[in-house]
Amino acid sequence: MPKRVGMEVSIAASEAVRLANVDAIAAYPITPQTHIVEHLSEFVANGELDAEFIPVESEHSAMSVCCGTSAAGARTFTCTSSQGLALMSEIVFIASAMQLPIVMILANRSLSGPLSIWNDHTDVMLVRDCGWIQCFGENGQEIFDLTLCAFKIAEDHRVILPFIVNMDGFILSHVIEPVELLDQETVDKFLPVYKPVYRLDPDNPVTMGAFAMPDLYTETKKAQDERLKASKPVIEEIWKEFGDLTGRYYSPIETYKAEGAKTLFVTMGGFSETASTAVDMMREEGEPVGLCKIRLWRPFPFEDFWKAVKGVDTLIVIDRATSYGGPGGPVASELRSALYTWEDAPKVVDFIAGLAGRDVAPGDYKKMYQRAQQRIASGDIAGYEIYGVRE
Amino acid sequence: MPEYTRLIHNYLRHDKKFPHVWCPGCGNGILLGSLIRAIDKTGLSKDDIVLVSGIGCSGRLPVYVDFNTLHTTHGRALTYATGVKLAKPSLNVITIMGDGDSMAIGGNHFIHAARRNIDITAIILNNSIYGMTGGQYSPTTPYGMRASTAVYNSIEQAFKISELAVTAGAVFVGRQTVYNAKLLDNLIEKAILKKGFSVVEVVTHCHVQYGRQNKLGSAVDMLKWQRDNSIPVEKAAKMSPEELKDKIITGILVDKDLPVYEEEYEKVRERAKGLA
Ligand SMILES: Cc1ncc(C[n+]2csc(CCOP(=O)(O)OP(=O)(O)O)c2C)c(N)n1
Ligand code: SF4
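So the protein lines, in turn, are chains F and S.
Numbering follows my numbering, in which position 295 of the first sequence is assigned residue number 295; successive positions increment by one, without gaps.
Numbering follows my numbering, in which position 112 of the second sequence is assigned residue number 112; successive positions increment by one, without gaps.
Simulated from the structure, these hints should not be mistaken for laboratory data.
Check each hint, because a few of them may be wrong.
[Stated by the list, open to error] Just so you have them, the derived chain S footprint on chain F, three or more residues with Cβ under 8 Å: (1) 26–32; (2) 35–43; (3) 52–62.
[What the hints assert, rightly or not] Label pairs and their in silico Cβ distance ranges: (4) F:T277 / S:D15: 38 to 46 Å; (5) F:P202 / S:N153: 33 to 41 Å; (6) S:N153 / F:G243: 42 to 50 Å; (7) F:E237 / S:N153: 44 to 52 Å; (8) F:K189 / S:N153: 31 to 39 Å; (9) S:V220 / F:A45: 28 to 36 Å; (10) S:Y4 / F:D129: 53 to 61 Å.
Quick caveat, the model's predicted, so the values are computed rather than measured.
Note that CB positions come from ideal geometry on N, CA and C, so glycine has one too.
Extracted from the complex, chain F is given alone in its bound form:
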């Protein structure tokens, strides 16, 4: 029976990558992702992981290298944060278009400026439409598990797409948590050696990164979209297989105390744990609240979301990024459009909160709940409110 061991979540993440027996890693240091890169370079250097650790001069090169190694048929990993993701973003779009099943851990950090190293989701929202599968973990165990699953999903022949595992910077990356690792034998059975469908091979030459004239581009994009959407049942199947193996099951949308709830908070990532504490607190006080956690962000799990919120009056969305001058935070905007055709859709009240490491404590959820009631009563639920601004 595997033991739970206290370790920094970044180490747990590196352990997952080591156990996944990756062939190639290219990454460039940036806070708060650095511990992952350092651990991996150490594993490679002392022979615990038989992989190429490819030194690079920037994230742009890191992602370019990853495209190269993945195209050559190597199981490939990278990780970054914030400005690093911004710099690599040009190539991030290339990876999905070329169907290169790279796995990335994104230690979420706010984008400059002002310069900040702290946590929010502005970085991931920058690449929302990059065509990668994207999911969120809320604690160390989940990061370990989801990273292992990510390789299997990304490389599945029905998928073959790159995968981002989001891990909140500092509030996950730098904390010590009990994590249950798996042994190598179990992992090897779950995650066999990567067998690419297409790869650069002198005996069977293929062209990658070809040019598309207007008569082909649209078809390519449609195929890419279909492929990403079609990955959802595979994701669920592999998460189920992982659950049967470990007892830890994951779903695209997860709820907490949603039964009988009139209001659901909607969160992604590490905030979900605080939100569940807040829900416990408020339930004790008799408030009919629950929690809806979005684990799978791309492809967006519409059916699961609809099922989770059916019959609920209000959704209070905690957005962790701003869409300046737009209709709302990126999450709330999507949920509103997902619900648009519903006759009796829940009201969506959007708060932008927890930017750049600003704490959102259980008491703040209660305040947002009260504020949501006021906003509903006064009919002011369009748009969004930036929560907790010091006046």
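Knowing the structure of chain F, use the given hints to seat chain S with the ligands on it.
Frame of chain F, contents of chain S with the ligands only:
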């Protein structure tokens, strides 16, 4: 308060940005003092100076001083600086970069700024490591030295920043240690007054990341190492490559004149106007 301390205080943003983020004993503070003394000697007004920096421990420097300052993104100080200089050529533009900032992520900008000969003074704090992010190796980490991403020591050859600058075409290139602060003052003053792309490589110590990982002792020990291993360029000219191995060649490596970019650009504009 001694005169040289008072002089420095005249240039600091006292009320806003202190305490600074640097570790006690870091060489970055010595360079800051040197830079202020050098600027003071040039007689330029505070408002005519623009300090542009990238990201890193080095990148924090402009935040503390009362000039026009621009704290940018990692590796891009020279690109922002190029924009500033072309938009307002009358300003004196100085960039402050780390070795990672200028040689790794921003390496491309560095060689092109040198080649183009735009009138910017590039000051590079070379501490042989990525200090801010926790001691990962940089393009100037010497072969065989340890870093947190090279726990079995670096297997790559290091860039020699000044020699690279010379080859890339910079018209003024000098190297000095923070140990020799007075000589550093003079070097920076000359670099600022020079027309064209001038580079000052400041050899400094990061005792906290680089020093600790390589067991090089305290900040004082590392300063002593700088003292004991510096060789003036004139003396170095008479020494063999073997004798110069691992030594810091200090002084002015190049001081020449080439057409300056902004002036050439102005001429093109005049010509184009004449054609219109
Ligand atoms: C695009 C991007 N990638 C990575 C980083 C993370 N980062 C911040 S400072 C730094 C290296 C600093 O090293 P150096 O330039 O040598 O300056 P020092 O801290 O040693 O003064 C890195 C990699 C960043 N800020 N932006
Ligand atoms: S980490 Fe190194 S470079 Fe950064 S402030 Fe400390 S001593 Fe200086």
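- Item | Violations among the numbered hints | none
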